[in-house]
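Protein sequence lines correspond, in order, to chains A and B. Letter 45 of the first sequence, counting from 1, is numbered 45 in the numbering used here, and no numbers are missing. Letter 19 of the second sequence, counting from 1, is numbered 19 in the numbering used here, and no numbers are missing.
Some hints could be false.
Unchecked claim - Residues from chain A shown here face chain B by an in silico Cβ test under 10 angstroms; the list is partial: (1) F34; (2) Y36; (3) D98; (4) G99; (5) K104.
Treat the hints as calculated values from the structure; they're not laboratory data. Backbone N, C-alpha and C define an ideal beta-carbon position, used for all residues, glycine too.
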Amino acid sequence: AQRVTQPEKLLSVFKGAPVELKCNYSYSGSPELFWYVQYSRQRLQLLLRHISRESIKGFTADLNKGETSFHLKKPFAQEEDSAMYYCALSGRSGGGADGLTFGKGTHLIIQP
Amino acid sequence: DAGVIQSPRHEVTEMGQEVTLRCKPISGHNSLFWYRQTMMRGLELLIYFNNNVPIDDSGMPEDRFSAKMPNASFSTLKIQPSEPRDSAVYFCASSLGAGFLSYEQYFGPGTRLTVT
Chain A
1 AQRVTQPEKL LSVFKGAPVE LKCNYSYSGS PELFWYVQYS RQRLQLLLRH ISRESIKGFT
61 ADLNKGETSF HLKKPFAQEE DSAMYYCALS GRSGGGADGL TFGKGTHLII QP
Chain B
1 DAGVIQSPRH EVTEMGQEVT LRCKPISGHN SLFWYRQTMM RGLELLIYFN NNVPIDDSGM
61 PEDRFSAKMP NASFSTLKIQ PSEPRDSAVY FCASSLGAGF LSYEQYFGPG TRLTVT
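The shape of chain A in the complex, shown without the other chains (with noise of 0.2 angstroms):
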């Protein structure tokens, strides 16, 4: 079965402090990890995918097999990044769209 686990249900930092959050799974295959995030009254949307090893609105993940990790990451926090962060698994590769397995989600809070 695949899982993911998301630790912390609320991170507040400061402005400017760098973010992490963190995302763990559990899955015997080869896993496609993404983070998807919800700001306050807007749609559930994709945020980054590991498999395009983007940086988006200066947020970064890299997939750690040996830790079966996908931790989110920016270096200098912004108000606007305040929202709901959600990772998740699709336990297929190759063609044709998959369901997703979430996390909880994480609450991340920029203090000014």
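With chain A's structure known, arrange chain B on it following the hints.
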């Protein structure tokens, strides 16, 4: 494009009543997903369709839940009879469904269901 459209946005019903949630995916998307969000269990996948065909319904909690996708532009999630523990936010999402870019799922605004 209005994105994924869900209706109703809010639904309050009494225990035992039938509830039907509706979803219109983004035009051209071949995959559609239904998720449920509760405080206790977070976001859970209920069922998903590829090209209107149900692929995996293992997340559907029990026989009271059913989902259909009669065509590429419409899907329903039905609960009959509804129970208070079904109270949750139900999300619909869609994606292109093939290839590398298929994995981005676009979410609707959700339907908040309250069963009293």
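Hints and how they fare:
A hinted interface residue such as F34 of chain A counts as satisfied when its beta carbon comes closer than 10 angstroms to some beta carbon of chain B; here the least separation is about 7 angstroms, so the hint holds. A hinted interface residue such as Y36 of chain A counts as satisfied when its beta carbon comes closer than 10 angstroms to some beta carbon of chain B; here the least separation is about 8 angstroms, so the hint holds. The interface hint given for D98 of chain A is met, as the beta carbon of that residue sits about 8 angstroms from the closest beta carbon of chain B, less than 10 angstroms. Hint status for G99 of chain A relative to chain B: holds, with the closest Cβ pair at about 4 angstroms, below 10 angstroms.
Hint on K104 of chain A holds. Least Cβ distance to chain B is approximately 4 angstroms, under the 10 angstroms limit.
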